[in-house]
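Student: Sequence:
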Amino acid sequence: MLLRIFFFVVVLLTSAHTIFSQSYIGQRETVNFVKRQYNAGTQNWKIRQDAQGRMYFANNEGLLVFDGASWQLYPLPNRTIVWSIEFGKDKRLYIGGQDEIGYFSPAKNGLLTFTSLKKLLPKTDQEFSDIWDIVSFGNDIFFRSRKKIFRYSKGKIIGYPPLSSWLFLGLSHNHLIAHDEKKGLLVFKKDHWQTWIDKKLLPPSFYITSVSEFGKDTSLITTAKDGLYLLAGTKLKSWPLSGFSIDNYQHFSGAIPLADHNFLLSTYTNGIYQVDRKGKVVENLSKKEGLQNANVRSLFMDVNRNVWLGLDNGIDFIAYNNAVKHINPPVFQDGGGYSTVFHKNSLYFALTNGIYKLPVHITGDLSYAANNLKLISGGQSWQLEVVDNTLLAGRDDGLFKIVNDKLLPISTITGFWIAKPLINNIGSSAIVAGNYYGIRLFKRSKDTFIDKGDMGRYYESARFLEIDKDNMIWTSHPYRGVYKISPGNSGVETYTQAQGLPSTLNNFVFKVKNRVVIATQKGIYEYNKKTNRFQSSIQFKKIFGNRSLRYLKEDPSGNIWFVEGKSIGVVDFSSKPVIINFPELNERILSGFENVYPINNYNIFVGSEKGFYHINFAKYKQNIRPLKVFIRKVKATANTDSLLYGGYFGDVYSNNKQTADDIPSLGHLWNSLHFEYSSPIFEEQPNLEYSYLLDGFNNEWSGWSKKQEKDYTNLPAGTYMFKIKSRDHHNNESSVSAYSFSINPPWYQTQWAFLLYLILGAYLLYFVYKIQERRHIKKREKELLLQQQKNEEEQRHTAYLHRIEMEISEKEVIKLKNEKLEAEIEHKASELASAALNIVQKKEFLLRVKEGLQRLEKSGKETIDTVEIKKIVRLLSEEKKINEEWEQFSVHFDKVHTDFLKVIKERYPSINQPELKLCAYLIMNLSSKEIALLMAISVRGVEISRYRLRKKLQISTETNLFEFLFSIQMECMK
256 MLLRIFFFVV VLLTSAHTIF SQSYIGQRET VNFVKRQYNA GTQNWKIRQD AQGRMYFANN
316 EGLLVFDGAS WQLYPLPNRT IVWSIEFGKD KRLYIGGQDE IGYFSPAKNG LLTFTSLKKL
376 LPKTDQEFSD IWDIVSFGND IFFRSRKKIF RYSKGKIIGY PPLSSWLFLG LSHNHLIAHD
436 EKKGLLVFKK DHWQTWIDKK LLPPSFYITS VSEFGKDTSL ITTAKDGLYL LAGTKLKSWP
496 LSGFSIDNYQ HFSGAIPLAD HNFLLSTYTN GIYQVDRKGK VVENLSKKEG LQNANVRSLF
556 MDVNRNVWLG LDNGIDFIAY NNAVKHINPP VFQDGGGYST VFHKNSLYFA LTNGIYKLPV
616 HITGDLSYAA NNLKLISGGQ SWQLEVVDNT LLAGRDDGLF KIVNDKLLPI STITGFWIAK
676 PLINNIGSSA IVAGNYYGIR LFKRSKDTFI DKGDMGRYYE SARFLEIDKD NMIWTSHPYR
736 GVYKISPGNS GVETYTQAQG LPSTLNNFVF KVKNRVVIAT QKGIYEYNKK TNRFQSSIQF
796 KKIFGNRSLR YLKEDPSGNI WFVEGKSIGV VDFSSKPVII NFPELNERIL SGFENVYPIN
856 NYNIFVGSEK GFYHINFAKY KQNIRPLKVF IRKVKATANT DSLLYGGYFG DVYSNNKQTA
916 DDIPSLGHLW NSLHFEYSSP IFEEQPNLEY SYLLDGFNNE WSGWSKKQEK DYTNLPAGTY
976 MFKIKSRDHH NNESSVSAYS FSINPPWYQT QWAFLLYLIL GAYLLYFVYK IQERRHIKKR
1036 EKELLLQQQK NEEEQRHTAY LHRIEMEISE KEVIKLKNEK LEAEIEHKAS ELASAALNIV
1096 QKKEFLLRVK EGLQRLEKSG KETIDTVEIK KIVRLLSEEK KINEEWEQFS VHFDKVHTDF
1156 LKVIKERYPS INQPELKLCA YLIMNLSSKE IALLMAISVR GVEISRYRLR KKLQISTETN
1216 LFEFLFSIQM ECMK
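Quick note on the numbering used here: the sequence shown kicks off at 256 and runs consecutively.
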């Protein structure tokens, strides 16, 4: 990118030592880069520049690179001096050193790496001492040592020996020429060196240091001892210089053409000269003009037409194409610049220490005017003004007019700031002048001015003074407000915040666009005559907004120059209004006494703390070129710093775009990155701002910042693109520079790992599925078993229930049967009991009857029919009937008691009928008394019968007779 540097900017950035030339009034600003800054060798032999704007220097300690923000040294493998450098058409940077030739090209990490070509040479040619010149010619590269010229072509090297020694190699109008010490000048044609100018036609000590184009068919040759020559075809003639008492035979080291067709010549003894095409020296820059030393080893003009010098000790930069120049020659003695005016082909400067005059003609850029300043009068001078073709000077010691370089007093009252023309009511001219104590009126009478005294009742300092279209006088005081004074009645009106101004403080009256306006802390205000108040200017608010302004000045093109704080700018009305700032002058204008004097677009003079600044506004706008920004360095900083990118892609010269092959793939531990970036425009460095974006991490550009580095830490795995852009104080934005990279996930997050996870997951799912399937089968089997068991249980339960039901049914049947039997038994028992009771009753009755009848019978009474009585007795005593009753009882008893009596009879055959009856009565649980009645025996007889029955039943006396009989009954029931 374009490398343009202003002294005051670089001072801030590099603390470089800066001094100025004195050939022109506009001082060329020189930046000194000392050895401790670039940290390399003292001498710098050749200079080149790539398409990105980086500068390359052939240095004693290697290849030195400057990218606008930092220096980088690339030493050769053998650590020797680099004498020569040149870019080839293949965009490699070829290097010539001591016993070394090769080229630098970017490595994978973006750092320059050296590739030696020495191995292509025969062993006999590998000791060639120094390579002094390198020339890119066609597709080939030529290297010059004193012993041989080497031609590198298509991967091979061919050597061309001299007749004696090779002294020079270069180009002249697309001809490759060389200087053989004994043969003279040779030209390379058809793969051979042919004589061009014979040795005999050359000066005795002819030693070429450079060849540059001078005209269509003419070249300018500089020599180390014999001065300058013009080469036209095969004709060589001396080109003597004139002016500056120059020594035509001093040691010239090089030459470069300038845009205005002049030339810069570098020397080993006296810095550089600027000469025109007639050989006239118009400028000399040497040590006293600011160079570090006068021994210039190399000379180079960059793409922005500024000049770099490789010195015997250091590097200097000269802002040769600077549109802003400092005017502070020694005669000014660093005095503050208060006012400038052009009058009658001369520039006049008012400074702290006097008024100076410079004869000039308004043609082109006046900063190139010869430094012929002279002092007219010493002393504090405030303002210069031309009124009716008369040059007036407001000074600390009074008001003066300048005539024939002399100050003629108009008023010797102390302290006049400014004077303005006033047209009075009768049309005669007059001036009003502001001084330390008010405003005075001076009436002009031919060549004199008559003091008419104070204007009105205004007694404050009147440094700011303007006259409106109604001939009203306006002045302002920074701490009191704004005042309007009527010339007719000298009435004074005061305007403060109460009358519409944003504040009573810091109001400054000026005239722009033929209107009196007030520059305030909140933009521009204008007077409303109808309301007699101030209001914010609608027109200017669109431009300035609420800027706090201190100074306004309209130039002849209608542009408005302004001061905001301690910065100066201009509203350019050449097209759509746009504000252009001049950061080069920040903090350098004379604060509180700001002054801009515009003559035309080529000449704008600005008062400063030391002298003045000259702005070529037309050139300044031309010098506003598209910005570029590039990424200088990328480092991984997770553990220890590791360089990922050193600033180059593809080739050295122009390619700064990353290809797919250049995109690094970083391990997951390298997830913290540091980026450095810059824009190689020196004069803009304090005003450049940067905005960045990490695509893949965030989607919005950062805010603008002056920082030239950015860090990211702990970035997650992914693909990223770091983007950076810059902008200047004109709000011009650069194109975007980008660096892509990717951060790999840890192994456990890689695609192979995910594939493995997928396989393992699938296997795990399959395994889980199988386990689940087995579990399911087992569960199913278990469920089936349980179901089977349940079914079996249910079946058993059902069977059990069925059995229970059956048993219950059987039992119920049995129960019913038993109940029926019981009922029958109870009925039978009831019948037996009834029968037995009936029998007992009958027997009792019959016994009583029998007893009664027996008593009657015994009485012997004849009246009783004894026959009948005997008949009755006989009937009652019939045994058959009794037996029939027993038989009937016995049948019923066995039905009830399951053949109990039969079983007893069968088991115990010896038992007789009465004993069977006793058994039956006992089973019926009848008492002894009841048994006695039934058996018609006494109770004692019953006991005797029991005893006899025991014996027949063969049971002991301990056995209960009833229980024994009951057990037999139970057996009968089974």
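Hints are computed from structural coordinates only; laboratory data are not their basis.
Misleading hints may appear alongside valid ones.
Straight-line Cα separation of at most 27 Å, DSSO-like style, residue types lysine-lysine; simulated pairs [what the hints assert, rightly or not]:
#1 Lys874 / Lys890
#2 Lys1025 / Lys965
#3 Lys363 / Lys378
#4 Lys437 / Lys374
#5 Lys874 / Lys808
#6 Lys599 / Lys661
#7 Lys492 / Lys656
#8 Lys378 / Lys403
#9 Lys1157 / Lys363
#10 Lys912 / Lys890
#11 Lys865 / Lys599
#12 Lys707 / Lys768
#13 Lys707 / Lys796
#14 Lys403 / Lys344
#15 Lys888 / Lys965
#16 Lys409 / Lys480
#17 Lys437 / Lys363
#18 Lys797 / Lys808
#19 Lys796 / Lys808
#20 Lys777 / Lys796
#21 Lys724 / Lys661
#22 Lys437 / Lys346
#23 Lys543 / Lys492
#24 Lys707 / Lys777
#25 Lys912 / Lys808
#26 Lys821 / Lys785
#27 Lys785 / Lys707
#28 Lys1184 / Lys1157
#29 Lys821 / Lys724
#30 Lys888 / Lys865
#31 Lys480 / Lys445
#32 Lys535 / Lys492
#33 Lys797 / Lys766
#34 Lys409 / Lys437
The structure presented is a predicted model; accordingly, all values stated were derived computationally and were not measured.
Student: It remains to establish, for every hint, whether it holds in the given structure.
Tutor: Results of checking the hints against the structure:
As the CA atoms of Lys874 and Lys890 are separated by approximately 40 Å, the hinted pair breaks the 27 Å bound. Distance check on the hinted pair: Lys1025 and Lys965 sit about 55 Å apart at the alpha-carbon level, beyond 27 Å; violated. Between Lys363 and Lys378, the direct Cα distance comes to roughly 31 Å. Violation of the 27 Å bound is thereby established for this hinted pair. In summary, the hint linking Lys437 to Lys374 is not supported, as the alpha carbons are separated by about 30 Å, beyond the 27 Å threshold.
Among the hinted pairs, Lys874 with Lys808 is consistent with the structure: their alpha-carbon atoms are about 20 Å apart, no more than 27 Å. For the hint pairing Lys599 with Lys661, the CA-to-CA distance comes to about 14 Å; that is within 27 Å, so the pair holds. Note on Lys492 and Lys656: the hinted pairing is violated, with a Cα-Cα distance of about 56 Å set against a maximum of 27 Å. Simply put, Lys378 and Lys403 have alpha-carbon atoms about 14 Å apart, close enough for the 27 Å limit, and the pair holds.
Note on Lys1157 and Lys363: the hinted pairing is violated, with a Cα-Cα distance of about 131 Å set against a maximum of 27 Å. Only pairs whose Cα atoms come within 27 Å are accepted, and Lys912 paired with Lys890 is accepted, the gap being roughly 18 Å. Taking the CA atoms of Lys865 and Lys599, the gap is about 26 Å. The hint holds against a cut of 27 Å. In summary, the hint linking Lys707 to Lys768 is not supported, as the alpha carbons are separated by about 30 Å, beyond the 27 Å threshold.
For the proposed pair Lys707 and Lys796, the alpha carbon gap of about 39 Å is over 27 Å, so the pair is violated. Of the pairs offered as hints, the one joining Lys403 and Lys344 holds, with about 23 Å between alpha carbons and a cut-off of 27 Å not exceeded. With a C-alpha separation of about 11 Å, the suggested pairing of Lys888 with Lys965 holds against the 27 Å cut-off. Between the alpha carbons of Lys409 and Lys480 the distance comes to roughly 38 Å, so the proposed pair goes past 27 Å and is violated.
Restraint check for Lys437 and Lys363: the C-alpha separation of about 47 Å exceeds 27 Å, so the hint is violated. Annotation: proposed proximity of Lys797 to Lys808 holds, straight-line Cα distance about 18 Å (limit 27 Å). Between Lys796 and Lys808 the alpha-carbon distance is near 16 Å, which keeps this suggested pair within the 27 Å criterion. Of the supplied pair hints, the one linking Lys777 and Lys796 holds, its CA atoms being roughly 9 Å apart against a limit of 27 Å.
At most 27 Å may separate the alpha-carbon atoms for a hinted pair to count; Lys724 and Lys661 exceed this at roughly 33 Å. Under the criterion of a C-alpha separation no larger than 27 Å, the hint pairing Lys437 with Lys346 is inconsistent with the structure, at around 35 Å. Proposed proximity of Lys543 and Lys492 is contradicted: the alpha carbons are some 32 Å apart, above 27 Å. Only pairs whose Cα atoms come within 27 Å are accepted, and Lys707 paired with Lys777 is rejected, the gap being roughly 37 Å.
Of the supplied pair hints, the one linking Lys912 and Lys808 is violated, its CA atoms being roughly 46 Å apart against a limit of 27 Å. At most 27 Å may separate the alpha-carbon atoms for a hinted pair to count; Lys821 and Lys785 exceed this at roughly 35 Å. Pair hint Lys785 plus Lys707 does not hold up; C-alpha atoms about 31 Å apart against a cutoff of 27 Å. With a C-alpha separation of about 25 Å, the suggested pair Lys1184 and Lys1157 falls inside the 27 Å cut-off, and the hint holds.
Proximity of Lys821 to Lys724 is assessed by CA-CA distance (about 31 Å); at most 27 Å being required, the pair is judged violated. Distance hint between Lys888 and Lys865 is unfulfilled; the C-alpha atoms sit about 40 Å from each other, more than 27 Å. The straight-line distance between the Cα atoms of Lys480 and Lys445 is roughly 32 Å, outside the 27 Å bound, and the hint therefore fails. Using a Cα cut-off of 27 Å, the hinted pair Lys535 and Lys492 holds, with the two alpha carbons roughly 17 Å apart.
A threshold of 27 Å between alpha carbons decides the hint, and for Lys797 with Lys766 the separation of about 18 Å falls inside it, so the pair holds. With a C-alpha separation of about 31 Å, the suggested pair Lys409 and Lys437 falls outside the 27 Å cut-off, and the hint is violated.
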